[in-house]
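Asks: Top line first, the protein sequences correspond to chains P and D.
Quick note on the numbering used here: the first sequence kicks off at 1 and runs consecutively.
Quick note on the numbering used here: the second sequence kicks off at 1 and runs consecutively.
What you were told as hints is all true, and nothing was included just to trick you.
It does not matter which identical chain is used: a pair holds within one copy or between any two.
Heads up, simulated BS3-like pairs for lysine-lysine below, C-alpha to C-alpha not over 30 Å straight-line:
id : residue 1 : residue 2
1  : 146       : 190
2  : 190       : 145
3  : 290       : 190
4  : 290       : 423
5  : 290       : 211
6  : 211       : 423
7  : 223       : 190
8  : 211       : 223
9  : 423       : 223
10 : 91        : 108
11 : 423       : 310
12 : 290       : 223
13 : 423       : 190
FYI, nobody ran anything at the bench for these hints, they're computed from the structure.
There are 2 protein chains.
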Amino acid sequence: MASWITVADDSDFSLRNLPYGVFSSADAGPRIGVAIGESVLDLKTLASEHVFDDLDFDSTTLQERNLNAFAALGRDATSRVRRRLQQLLDKDTDLGSVLRDNHERREKCFLPLNSVTMHLPVAVHDYTDYFIGLYHAQNSADFLKKGSDITQLIPSFWDAPAAYHGRASSVIVSGTPVHRPKGQSRVNGKTVSGLCQKLDFEVEFAAVIGKSDELGNEIDVDKAEDHIFGFVLLNDWSARDFQQNEFTAFTSKNFATSISPWIVPFEALEPFRTSPTEGGRALPDYLTQKETNSAYDIPIQARLEVASQKYQASNCNTKHVVFSFAQMIAHHTRGGCPLRPGNLLATGTMSGPTRPEQGCFLELSRVGAEPYEMAAVNSPERKLTRTFLEDGDIVEFTCQVRSSDGSGNVGFGSCRGEVLPGK
Amino acid sequence: MASWITVADDSDFSLRNLPYGVFSSADAGPRIGVAIGESVLDLKTLASEHVFDDLDFDSTTLQERNLNAFAALGRDATSRVRRRLQQLLDKDTDLGSVLRDNHERREKCFLPLNSVTMHLPVAVHDYTDYFIGLYHAQNSADFLKKGSDITQLIPSFWDAPAAYHGRASSVIVSGTPVHRPKGQSRVNGKTVSGLCQKLDFEVEFAAVIGKSDELGNEIDVDKAEDHIFGFVLLNDWSARDFQQNEFTAFTSKNFATSISPWIVPFEALEPFRTSPTEGGRALPDYLTQKETNSAYDIPIQARLEVASQKYQASNCNTKHVVFSFAQMIAHHTRGGCPLRPGNLLATGTMSGPTRPEQGCFLELSRVGAEPYEMAAVNSPERKLTRTFLEDGDIVEFTCQVRSSDGSGNVGFGSCRGEVLPGK
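Input sequences plus hints: build the corresponding full structure.
Replies: Okay, here's the thing in structure tokens:
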């Protein structure tokens, strides 16, 4: 599986990936594209030239300013488009005249990735943040003096995927800077109003909903994956001092949530399936999923960039979940709650069992009590110490997985954001 | 202030009110209208006939399928339109030729209210539910064995408006039935999966956001009211057995939230201002509001309709808040969280100090321990007893206030929903 487009060995964007995003360029506004190698392929232009007209779907959805309408078509349609794109870009394509050998069209449809500006790929109208990472939950219970038995904090932790609703309006695309927020903390039993002193990141993984579901309907756990369009990396920025003072996460998290610019299609992650943590345990029927490899084994690197030097903050993995996305969807819709295209369902922090695998400073610095030392990525003798984030720090999540058949890498680009001083 | 349209003495829809809604009729799809007396005035048709062309705003916003774009214009524009409508409908209008005396146009633009179907007036992309009702909070703390001192439950209760994010996709318009949801409860320490056994209503009042606010911006508390387009009644349906088993409100509330079909404009509630509960206390600067009459004195009746007989469940009032909407907005945006047109900011349950003023069965039946007896509205000797809602019960919220100058009633129509059996 190789393309006639050059794809470097360390590129996130192989022919097996083909993630969707929304980009603009100097000469035209936001439009839909897929990434391959160092290029973005403009799907709006391709669609307007009738390249997909024989595929029996509404190709005007590819001419929109975001991916909601296209994702809403559902897997049957989006898979047909994905296969056509792989066919067009394959080095052995039998459709060479459509794109590979059509130099005028290639000129129009390919742009260098480093020349475009990325935008939020979907309009997010609801964002649900789960709390299904085993080690993050155990550490949280421990910090709250509930012991390491998570059921002391959340009695139903093993029975249903716990979640809260996040704020949709402040979901931002990678690259958007984040101002240190103002809010309320509690110091010596008194309210203090001012800038956040304990700003944190959280390494998360999220599904983007495609096909919608109507009010009053319940989605069967074995059909739930059909509603997933793709996946993004997500940074759930958190103000820990505000969070410790709040009823439930509100101003401590509503100021920003970053996602990767590229949505990796559901199909691209098939080779990386694994079983969730404690996956075989007894659950109510509506959460009992036939597919046992329902989670994903995808390492995510969290790094801090300071003065152009990257430091390794955490090495997480999306496999440390006690429920699958299908189970998250089945529980979400159990009472009839509608899912809409572009909705985000995030896992919560994807910490692993050891300290270098913990996905936020809350854990890494033990709620700020033990400053955490990080090594520079390319010169491990250089160190950086943090308890929480400082102004000017750039937080970057990346991941890259390679399928065992050698057919190429899959990655999300980076999910990045700089901490700017408070206003 | 009287109209040439007949407005009955008990109508919610006087010339002083003119609430906005979205309706459809047998011959045409959803469009924007205002209610007056027993009629709805079709603003889409009026706008398409250039009746507002001299008012210096984008009148195509009145030709949309919901009110988001119109509300987004902000108070300056929406007030001009409101004044024009009041002028056109005034019995002493000097614009009689435009509507009053133009019988062909009247024929086209007025429809009987009882002939139209109401739709969700705005697309809701974020819904924030606060917890600022003093008595509801005290009762909740009491039930959770935290005593009646609310700061034992939420230490910052008096310092900042507590809130959580609700689910936007399941906000529904009055009249939409609600199926009894399925979910998880905890019985004798074990998870039980099945139909809700403790289905409840919550009497709430909500602001609908008009003018938006961008990421990173903080809204000044003294300018915050400029972002409110209007107000609705809201029923935050709740599954108490699921709620008692959850980390934070998720499946216990995500199945449905009903709102009244009519959005009462901000201006229409000016005569009903009052001060919030404990309104004069010291607060951080960003929550210190110059306007002291920043809450509203609006009684809301909650009734259960069973076999066509209405029973008085509760007599609430929107004045029992410890923060104003302006303070809710200032705190919401303190860290830079964007507000968008159509966003809902709800107060939480508006219970009063005595039992007949409690705004949900959780309080009225003391978490189900003491069945609550309700009298029929027109024959008080007939009684109905409930601990929680039963299938077939219709929950209806209404309110009507009359300005002291006798210029007419203001109401929201009813916020109604029938409980259907679980699926």
